[in-house]
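Each chain, written out:
Protein chains: 2
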Amino acid sequence: MKIEYLHTMVRVKNLQNSISFYELLGLEETRRMDSESGRFTLVFMSPPGQKNAHLELTYNWDGDDLLPSDSRHFGHLAYQVENIYETCTYLMANNVTINRPPRDGRMAFIRSPDNVSIELLQMNNTLEPIEPWVSMKNVGKW
Amino acid sequence: MKIEYLHTMVRVKNLQNSISFYELLGLEETRRMDSESGRFTLVFMSPPGQKNAHLELTYNWDGDDLLPSDSRHFGHLAYQVENIYETCTYLMANNVTINRPPRDGRMAFIRSPDNVSIELLQMNNTLEPIEPWVSMKNVGKW
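As they're listed, the protein sequences go chains R and E. Per this note's numbering, the first sequence starts with residue 37, numbered consecutively. Per this note's numbering, the second sequence starts with residue 37, numbered consecutively.
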């Protein structure tokens with residue numbers, strides 16, 4: 037019985053805020069579906085060229101009082117990036133908090149606008165640990 | 037700035053129960069890491085042949101009182117299967133509840149042992165709606 041991974045779905049409180057956030061990371065919108073009857077919008081986003089690795093954003097037009105929420109069972113989404121220092125610098129310049137800075141040249145954690153934990157990993161070899169990252173403190177949890 | 041999806045991480049209360057569950061779905065263990073110092077085990081599972089579509093199971097050796105948990109922000113994991121009726125029949129024979137039966141020949145929802153919602157979608161064309169699926173009721177939520 038063949039099986040293929042398709043996507044991970046997260047609910048979002050403000051669609052444009054979330055699209056902007058994931059675009060900052062480098063994801064692109066690949067598909068969108070508006071349901072007039074269900075009063076929701078689905079937006080699929082994925083890294084360029086990566087088929088079957090979609091993040092599905094579900095936005096309910098009438099809002100969702102329970103968002104943002106947290107849970108223990110869901111851990112995080114993970115992406116690898118070409119240069120973790122450049123990515124984190126770019127994110128910080130765009131007001132994204134680096135909850136776990138890449139002190140080790142290898143791993144960072146951030147949060148989406150809806151509190152979804154996102155792990156960023158350095159592609160291929162770990163980078164040389166350098167400032168300002170080495171001295172940068174953790175912020176909150178992730 | 038290149039970015040690539042790597043995995044979705046979920047925490048599990050009982051590692052073997054979860055491995056068995058995802059094996060039922062057709063996922064295979066591809067990598068395992070035991071951390072003696074951190075007292076946790078990571079198990080990566082993915083559909084055969086699908087690179088960069090890993091589900092990461094995190095198991096804390098000292099347990100996790102907050103599992104299973106639920107959240108609004110995290111929706112579900114989605115997989116497509118070759119024949120949704122065969123998959124659901126097989127899952128039911130293995131005591132998995134089909135929360136949302138594939139009445140439409142296209143879509144079903146189940147839950148992992150830790151309450152993670154999983155969407156199953158029919159690959160390619162929708163199947164002809166047939167019994168017992170057409171008359172099967174929903175169970176709980178998903």
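There could be a bad hint or two in this list.
Copies of the same chain are indistinguishable here, so a pair counts whether it falls within one copy or spans any two.
Restricting the straight-line Cα-Cα distance to at most 35 Å, the calculated cross-link-like pairs of lysine-lysine (DSBU-like) are [said to hold, decoys possible]:
hint : residue 1 : residue 2
1    : Lys-177   : Lys-87
2    : Lys-38    : Lys-177
3    : Lys-173   : Lys-38
4    : Lys-49    : Lys-177
5    : Lys-173   : Lys-49
In case anyone wonders, no lab produced these hints; they're calculated from the structure.
Evaluated hints:
In this assembly of identical chains, Lys-177 and Lys-87 lie within 35 Å of each other by CA distance both inside one copy and across copies; the values are 31 Å within and 29 Å between. Proximity of Lys-38 to Lys-177 under the C-alpha cut-off of 35 Å is restricted to the inter-copy arrangement: shortest distance 26 Å between copies versus 38 Å within a copy. Proximity of Lys-173 to Lys-38 under the C-alpha cut-off of 35 Å is restricted to the inter-copy arrangement: shortest distance 26 Å between copies versus 45 Å within a copy. Proximity of Lys-49 and Lys-177 under a CA criterion of 35 Å is satisfied in both settings, with 21 Å inside one chain copy and 21 Å between copies.
With identical chains, the CA atoms of Lys-173 and Lys-49 are at most 35 Å apart both within one copy (29 Å) and between copies (30 Å).
Consistency note: the structure conflicts with none of the earlier hints.
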